[in-house]
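2 protein chains.
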Amino acid sequence: MNQNRALTAKSLGEHKIIQIIQEHLTLMPNMPVPFGDDVSAINLNQKQVAVLKTDMLVAKTDVPQEMTLFQAARKALIMNISDFASKGVQPTAALVALGLPAGFTQKKIEEIADGLNAGAQEYDTYIIGGDTSEASDLIVSVSLYGIAEKSALMLRSGAKPGDILAVTGFFGKSAAGLRLLFGGCLASNNAKNLIDAVLVPKARLTEGLALGGCGLVTASMDSSDGLAWTLHELANFSNVGFELDTIPVAPEVKRFSELNSLDAAELALYGGEEYELVVTVKLEGWSAAVAAVQGVGGKLLPIGKATEGKQILLKTKSKRNTIEARGWEHFKSQV
Amino acid sequence: MNQNRALTAKSLGEHKIIQIIQEHLTLMPNMPVPFGDDVSAINLNQKQVAVLKTDMLVAKTDVPQEMTLFQAARKALIMNISDFASKGVQPTAALVALGLPAGFTQKKIEEIADGLNAGAQEYDTYIIGGDTSEASDLIVSVSLYGIAEKSALMLRSGAKPGDILAVTGFFGKSAAGLRLLFGGCLASNNAKNLIDAVLVPKARLTEGLALGGCGLVTASMDSSDGLAWTLHELANFSNVGFELDTIPVAPEVKRFSELNSLDAAELALYGGEEYELVVTVKLEGWSAAVAAVQGVGGKLLPIGKATEGKQILLKTKSKRNTIEARGWEHFKSQV
Chain A
1 MNQNRALTAK
11 SLGEHKIIQI
21 IQEHLTLMPN
31 MPVPFGDDVS
41 AINLNQKQVA
51 VLKTDMLVAK
61 TDVPQEMTLF
71 QAARKALIMN
81 ISDFASKGVQ
91 PTAALVALGL
101 PAGFTQKKIE
111 EIADGLNAGA
121 QEYDTYIIGG
131 DTSEASDLIV
141 SVSLYGIAEK
151 SALMLRSGAK
161 PGDILAVTGF
171 FGKSAAGLRL
181 LFGGCLASNN
191 AKNLIDAVLV
201 PKARLTEGLA
211 LGGCGLVTAS
221 MDSSDGLAWT
231 LHELANFSNV
241 GFELDTIPVA
251 PEVKRFSELN
261 SLDAAELALY
271 GGEEYELVVT
281 VKLEGWSAAV
291 AAVQGVGGKL
301 LPIGKATEGK
311 QILLKTKSKR
321 NTIEARGWEH
331 FKSQV
Chain B
1 MNQNRALTAK
11 SLGEHKIIQI
21 IQEHLTLMPN
31 MPVPFGDDVS
41 AINLNQKQVA
51 VLKTDMLVAK
61 TDVPQEMTLF
71 QAARKALIMN
81 ISDFASKGVQ
91 PTAALVALGL
101 PAGFTQKKIE
111 EIADGLNAGA
121 QEYDTYIIGG
131 DTSEASDLIV
141 SVSLYGIAEK
151 SALMLRSGAK
161 PGDILAVTGF
171 FGKSAAGLRL
181 LFGGCLASNN
191 AKNLIDAVLV
201 PKARLTEGLA
211 LGGCGLVTAS
221 MDSSDGLAWT
231 LHELANFSNV
241 GFELDTIPVA
251 PEVKRFSELN
261 SLDAAELALY
271 GGEEYELVVT
281 VKLEGWSAAV
291 AAVQGVGGKL
301 LPIGKATEGK
311 QILLKTKSKR
321 NTIEARGWEH
331 FKSQV
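Residue numbers (the working numbering), protein chains in the order written: chain A, 1 to 335; chain B, 1 to 335.
Worth flagging that the hints you see were computed from the coordinates, not collected in a lab. Just so it is clear, the structure is predicted and the values come from calculations on it, not from any experiment. Warning: the hint list may mix true and false statements.
Selected chain B positions facing chain A (in silico; Cβ < 7 Å) [stated by the list, open to error]:
1. Ile18
2. Gln19
3. Leu52
4. Gln106
5. Ala118
6. Thr132
7. Ser143
8. Glu266
Heads up, the beta-carbon is just placed ideally off N, CA and C, and yes, glycines get one too.
Generate the whole structure from the sequences, applying the supplied hints.
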């Protein structure tokens, strides 16, 4: 056996595992969305595509002890809806395959069902089917379905040098919230906000639909693996680099970091488990894109621009730092 | 707490759990396929529906020790494709959410990817996306997508008294194969057939598409929970009963049962993990339906008829027995 083939999932990490699997699959001809983007799609007709996504929540790795079953089930929906949001697609329906430990009570099962339904209802979608199996961990495997105009899909691959880089909100809250939940950190007065970012995350669907509708976004991705990782992925798919003039650290994360002598930028860049959208917008369309997002009650914060050079740099008055390609990764990461 | 709500998944069983979950979900208006049928669907336009299915394979309960990872991954596809087959729908694409133990090697991951791809390719479909997470068990959660003419969908609900009850093959092989794999049974000369029924199951997609195409089937379901359970489900959904004049026991299961002093009919009726289609056909269309299935190289075996009375009876020259509503059920069943 080739020595490499003896490496374990833990040492390979999620990204390498996905690459290995892809290399063993026969590619569907004419895929409208390439492998590795936030969603998959299939041509329905000349104009429309069916959009599909599946993402699995595993209690052992994705659910802190303090999270209720209602919250965990809801989060499984949000993880998937966030990917749809990043492409500008309204989910029509969801299916859920559940793995349940044999000892789970009816009360727990009802909490899970209520959490699933709440997540779906918040984003105007429905759970229309699923499956239940016995498993050692609680597993909530969600599949989403929707329809989109092909021309309106916001892929990872369209950023051009000069485009404005923007985000739909501030970062670092989930990373700070997890540290509060795991103990050992002092709580600032906005601790509830930070903890809620972990327990009750929101998908930026309204913002994504507004951005998709305005036709001014050149590339988009959700930030569930962390801001830094997202920037590197967008850069790779689009064959550009990024120059940031600011790290969009949430104000409450700044206070939390000062109180606990932590690096706020580190939390915002590499924390992960956040569901903001990271997009690039045509320079000439910037005001209209901001207006579109504000029109639905959201924010669009400029944080830099796309560049010819392929690096991801933070350029402030005093320094010029490289943003590393790391983030939250299944198998490898530990909080 | 209500005393019932303290019951565990193990004592509730899969069917009751699914019912509990359904009762907590908001129903999508105008669902073209009701909750609980083999697949879910969404209206695309006046004539067509998008068809969706998700089913999860958990190594702990669904994979005998003798099954390779290639076979397990392939089986996860087959389980889902069989449900599409029973509705007469060609799957267009699949997504796969994988839960992998951290210690799995690259070699094992490649075997899984190859098995997934083989299952997809056998049935002219493609894996177009997915997700990977760390889990205690191997979990292979598959979602299938396809498009169908609404009028051609074979649901569970259309059987009418007088319709012919038929199956696409003989039963009992998986139940016998499992007994051989687990040891303690004598192997007949066709043992490989029985074991292959467990390790390399086939979905009756060609047969399902032929049956869907001929428009003569009034109700259809796959038999993955066992023939007896399937008959009861079809009866409940269609509000009919069935009178069987034969149990379609596979010849090799008869020999295996004689050799091991087992009840062949018991294996065929209650074994489960078989992927034949169980259908009802309009009396006047019987010859044409048989011809359609034979035309694609398949079998359509008549085993009885649908009745006004709601019982499921086996009526032979010498006796008249009730077929019980039991079969393979997650949480409750043990081989």
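Against the structure, the hints come out as follows:
1. Ile18: holds, 6 Å
2. Gln19: Violated. Min distance 10 Å.
3. Leu52: holds, 6 Å
4. Gln106: Where the cut-off is 7 Å and the nearest Cβ of chain A is about 4 Å from Gln106 of chain B, the hint holds.
5. Ala118: violated, 10 Å
6. Thr132: holds, 5 Å
7. Ser143: holds, 4 Å
8. Glu266: Check failed: Cβ of Glu266 of chain B comes no nearer than 24 Å to chain A, outside 7 Å.
In this structure, the earlier hints numbered 2, 5, 8 are contradicted, and the remaining ones agree with it.
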